[in-house]
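For chain A, the structure is supplied; the task is to place chain B on it using the hints.
Taken in sequence, the protein lines are chains A and B.
By the count of our numbering, the first sequence reaches residue 125 at its end, each step adding exactly one.
By the count of our numbering, the second sequence reaches residue 1091 at its end, each step adding exactly one.
Hints listed in this document are in silico derivations from the structure and should not be mistaken for laboratory results.
Incorrect hints may have been included.
To be verified - Listed below are the simulated DSBU-like cross-link pairs for lysine-lysine, each with C-alpha atoms no more than 30 Å apart in a straight line:
1. B:K183 to A:K27
2. B:K235 to A:K25
3. B:K251 to A:K115
4. A:K115 to B:K238
5. B:K341 to B:K781
6. B:K234 to A:K27
7. B:K251 to A:K5
8. B:K341 to B:K1010
9. A:K115 to B:K183
10. B:K663 to B:K590
11. A:K98 to B:K234
12. B:K991 to B:K786
13. B:K540 to B:K596
14. A:K25 to B:K234
15. B:K468 to B:K724
16. B:K541 to B:K660
17. B:K245 to A:K27
18. A:K5 to B:K194
19. A:K5 to B:K183
20. A:K25 to B:K245
21. B:K510 to B:K536
22. B:K194 to B:K245
23. B:K245 to A:K115
24. B:K977 to B:K987
25. B:K395 to B:K429
26. B:K235 to A:K98
27. B:K970 to B:K1010
28. A:K25 to B:K184
29. A:K115 to B:K724
30. A:K115 to B:K235
31. A:K115 to B:K187
32. B:K977 to B:K994
33. A:K21 to B:K234
34. B:K596 to A:K27
35. B:K184 to A:K27
36. A:K27 to B:K238
To be verified - Which residues of chain A face chain B? A partial, calculated answer using Cβ under 8 Å:
37. R22
38. N39
39. R71
40. Q114
This one's a predicted model, so the numbers in the text were calculated from it and none came from an experiment.
All residues carry an ideal CB built from backbone N, CA and C; glycine is no exception.
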Amino acid sequence: MVRLKHRYIALEVVMSKAFLKRNMKPKVITGAIRMHLNNLYGELGSASIYPNLSVRYLNAHTNTIILRVRRRFAEILLTVLPFVTATESTEFKNTDHKIFFRTLYVSGTIRSAQKFLIRNNPLVL
Amino acid sequence: MDNLKNTEKNDFPVADSKSSTSLKGTTQATDASDKLPESNVKSEIKSADEKKESSHLKKWKKRMRFQPKNVTLDPEKHEYYKDLLPDPKDDTFELPRAVPVAEYVEEAKKEVKAMLAAVKQHSGSKTALQTLPKHMRRRAASHNVKRLPIRLRELASQQMIPPSESSKTGEKVCRRKRRKKLALQNEYAKRAGNQGWLETHLWHSKRFHMTENSDKHYQHWSHRVSIYPNDKSFRACYRAVAKHCLIQDISYFHCVELTGSQINVKNMFKNMIQQHEHSSVFDDGVLSGKIEAEVMMCDLTCDKVICPVRILWQPKLEDNQDTISKHVVWCWIHPAPYKEATKVLEQLSTTHGVSTSDRTGDFNRFRFTGPKSSVTLMSTLQLIKVGEDLTSQNSAEHLSAKLSSWINENKDEVKKQQLDFSLTMLECHRCNFHKTHKQLTTRVCHGAVMSVLVNDPRLTLPLQKTKPTLKSTLSQEPSLLDASEVDDHEKSLEELPLSPKWKSEILEEVALSRLPDHVTSTRKNEAKFTLGEEKTKKLDSLATPVPVLLIRRSGIASHLKKPGFEGVAGGTEVTEGRSVHAGPPEDFGSGWDLILPKKWGTAFWIPFVYHRARAGGIRESEHSHLECKTPFFPRDFPDTGAGRKWWEAEMETNLKRHYSKPPAKRVNFSVMATPFPFSPDWDHIFLPLDGERESSLNVGSSPPLKQPVESKSELVLTENQNFATSFSTVTRKRSATSSDHDVIPSKKSKDSDITAMAVLRNKEKVATLRRLLSAGDFASAISLLESLTPPTLVCVQISPINRGTPSARAMLCAPSSDDFVELRREFEDLNGEGLKSCTGPVEPKHWDPYRKERKLATEQAKKRRKQKKKDEHAPLQSTNQKPHKFNVLPIRPIIGFVTSGDFLFSYASGGGVGFIAVDHLVSLLREQVTNNWLMQEFAKSAKPPIALMRLIDSTQYRFVSLHPTS
Chain A
1 MVRLKHRYIA LEVVMSKAFL KRNMKPKVIT GAIRMHLNNL YGELGSASIY PNLSVRYLNA
61 HTNTIILRVR RRFAEILLTV LPFVTATEST EFKNTDHKIF FRTLYVSGTI RSAQKFLIRN
121 NPLVL
Chain B
126 MDNLKNTEKN DFPVADSKSS TSLKGTTQAT DASDKLPESN VKSEIKSADE KKESSHLKKW
186 KKRMRFQPKN VTLDPEKHEY YKDLLPDPKD DTFELPRAVP VAEYVEEAKK EVKAMLAAVK
246 QHSGSKTALQ TLPKHMRRRA ASHNVKRLPI RLRELASQQM IPPSESSKTG EKVCRRKRRK
306 KLALQNEYAK RAGNQGWLET HLWHSKRFHM TENSDKHYQH WSHRVSIYPN DKSFRACYRA
366 VAKHCLIQDI SYFHCVELTG SQINVKNMFK NMIQQHEHSS VFDDGVLSGK IEAEVMMCDL
426 TCDKVICPVR ILWQPKLEDN QDTISKHVVW CWIHPAPYKE ATKVLEQLST THGVSTSDRT
486 GDFNRFRFTG PKSSVTLMST LQLIKVGEDL TSQNSAEHLS AKLSSWINEN KDEVKKQQLD
546 FSLTMLECHR CNFHKTHKQL TTRVCHGAVM SVLVNDPRLT LPLQKTKPTL KSTLSQEPSL
606 LDASEVDDHE KSLEELPLSP KWKSEILEEV ALSRLPDHVT STRKNEAKFT LGEEKTKKLD
666 SLATPVPVLL IRRSGIASHL KKPGFEGVAG GTEVTEGRSV HAGPPEDFGS GWDLILPKKW
726 GTAFWIPFVY HRARAGGIRE SEHSHLECKT PFFPRDFPDT GAGRKWWEAE METNLKRHYS
786 KPPAKRVNFS VMATPFPFSP DWDHIFLPLD GERESSLNVG SSPPLKQPVE SKSELVLTEN
846 QNFATSFSTV TRKRSATSSD HDVIPSKKSK DSDITAMAVL RNKEKVATLR RLLSAGDFAS
906 AISLLESLTP PTLVCVQISP INRGTPSARA MLCAPSSDDF VELRREFEDL NGEGLKSCTG
966 PVEPKHWDPY RKERKLATEQ AKKRRKQKKK DEHAPLQSTN QKPHKFNVLP IRPIIGFVTS
1026 GDFLFSYASG GGVGFIAVDH LVSLLREQVT NNWLMQEFAK SAKPPIALMR LIDSTQYRFV
1086 SLHPTS
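Only chain A is shown next, with the shape it has when bound in the complex (with noise of 0.2 Å):
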């Protein structure tokens, strides 16, 4: 049987405001990242990640994220990432509000991303 093989990338999300913190739901993010794949890579792009795209594992608090994407396509994904700057609009009744994401590390198993979080948490206390 042939493997699927995925990356896992493990994201910090800086958030402008309280609101968009309180809100932060695994829809928010993958929205937001659509919204920019589908300005930088077109059609294609988006088409070829987003359906694969998923958040594994989300904490508002820690503002941590692991996303999950098909290694094929995982570049194209880490490049778009440093451009995403704002919610889809749609979102929140047709106000964007601003976001970004700082990528903390890449894997090829989910096990190595809880890993680095075990590791990286300490860090930045």
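Here is chain B on its own, set in the frame of chain A:
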């Protein structure tokens, strides 16, 4: 983090100019945030790509079970600050001065913990060994944990414990263990208490349809009762009733014990039993305890009937008979109206100084029906030997001391009773089967009580099911054979049925003295291998005396055929040459009731079944009443509370069944002109025939009945007009003949509700009515009926003149004069077959007043569906109408209803029991008296009064002749 702080600060510039109150608010807010739960854990199941199927979802869940959950903030809980702000819409908010580091640390700690757990979690279904790469695996690692790397040892040692040990305390025990007898018994004992199981419940529940507690019909019965057997249909049970022996467990009847002096109890009964039944209750035989009386119990005012009650007095010896001494009376009450009945009993008992107690659980009551019940009882109930060796028997540890001492005291009495029992059974059996005795009627009257001491019937339990015959039973007791030959035995009906059963302390001991089944069966088996005296000794050691009461029941319809009340036709009935299909014989449904002490239920039940008594349930008694066309409680007692409840339940189930079908598959009762298809509406038949009936139904804005005449085809039109004119003439005639009579009930029914409804139950009146009708003396019958106070119903037996099978809820209608003309034409048609070719009239199709509404409703529903797609917030309106009644009245006015009916084996035709309003019956009779042909020619084949009957889902009317009954 610095970045974050900066940006946030930039976006929320601290408003120094703002009042200090806002600052206060912020500090409070930060304080409050500590108390609030920091995180709201929500599983992220519904992410966009995981919305496929449940199986996918399951797999997903399984995969993600060890993964840390998402941590989000609860927006609602974090909006607390909005209350503090002057303007709730404004959600800008100044940041706290300090960064809540401690909180952040807490959260980070939690996150790390969760991550650690996830990382540590050994995933999926792999064993510890399987997680290792192949080159690190060791063969002996499955036995020796130390072969594994340290990090896996803990996991491996957990996995090495065999699963059976780990789940020792677990919930699943294998089926074989669960089904072992002891475990089952324990479980049944646990369940029996709260479910209201009878002693024979387990036996029945394997073989019968049982009542459900959720079923409205049986909700108030407090017992789970068998309805009908699964193996055969009613026909088998009918055969048993007619020719063999049917056994039913009716222990669900409640037994209430009244204790008080005879006068007080008598006075009490005077207040709850109607005048015309006093003679049967205060009969000498009943008072002395020789006969069990069956009467209708009423409420305090003596006008509302509650239920039939069986009353049994405790016999007292002559010398004890004082007015002061305590008498004990048992009242056997049906479970359905039990609450109602006990209320009345309690109220009366307090005023009359009588104490009541419920003894329901203390007895078992089995009912034997059929001609062979006597011989079955005789062969199964082995009499206990009362002789000199009784003292040696007493040495057996299980025997009750009190009972044996009682036996020793009343040795002669017991012997007499036993002889009496055998002789009575013999006589009953011979009356049924022996040609020389057939003409004789038994001297054992209805309700006669016998008391016997019998042995444990399990000791004589045959290995295979055997049919008891008189010969075999007599051969066991040669002494009886001699006695039976001497025909003129001194019948000791004058003997009082003294029984130790009346003493509750003896009864307790008897209940305890029952040996367990396994003890009797093993000792019996041991005895098999010994011979001679040893054998009898061994069996004697098992013998246990059980006091039982036997109560005779004569046939179900026997009260209608009593010689005193017999009419001309009834009296000349020849039993020898009667047709097989001329209805049930006089003694149909006769038999015995057996009252046993508690705990002995199954010990007696199974031997009876082994003696080929067919077991039956409620359906059997219902049907055997129907075979005799006599009303059955509570179904055919619509004036009682229990009957009303029954019909309410019936209404509910019928409604449910009807509306569970799609609209196109339902019977359209409007077109059929069946206004009350779900349960009979007694109010309606008390309404006068003109005008008011329609107005009472036409509550809604439905078009009048006559609408279809224009729209329908010509044929229907002419037919309709024809009927309409004939109908109007009939009503005119009726109003002319009994104008003043028809008016009275209308006024009354307006004022009084259905509770005032009464049914003619006076047995003497009914009997005279039957006699008058069969003799053809209609004038006096009419005058008798008119003397009754309306609104009254008369219970009638329904016999179709040629075809048609009545069923419950069918309508009884008044025929028009044209119908009789048509009947005569068909009857006298030379090409036809006389009575056979007489078909009844047909109800024309009617206009459905709901039709328009229904169509509108479906259109609206369509529109709404469309709208809904556009606008989701459209309010939902349910226009689903589920009417209980239909606004369309048939052309022939409804004068009564059938409450139960079916095909009857004893008549080889349909038959049933129904109720008809007295004034309608009178007008029926009046009309038919004037019809000479009907009275003289046609009366030979069917006796008037003749009415029409129509089933709820048919338009065909059938002619039926009615006979009052009770």
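* Of the hints given before, which are not true for this structure? -> Hints 29, 34, 38 and 39 are the ones this structure does not satisfy, whereas the remaining hints hold.
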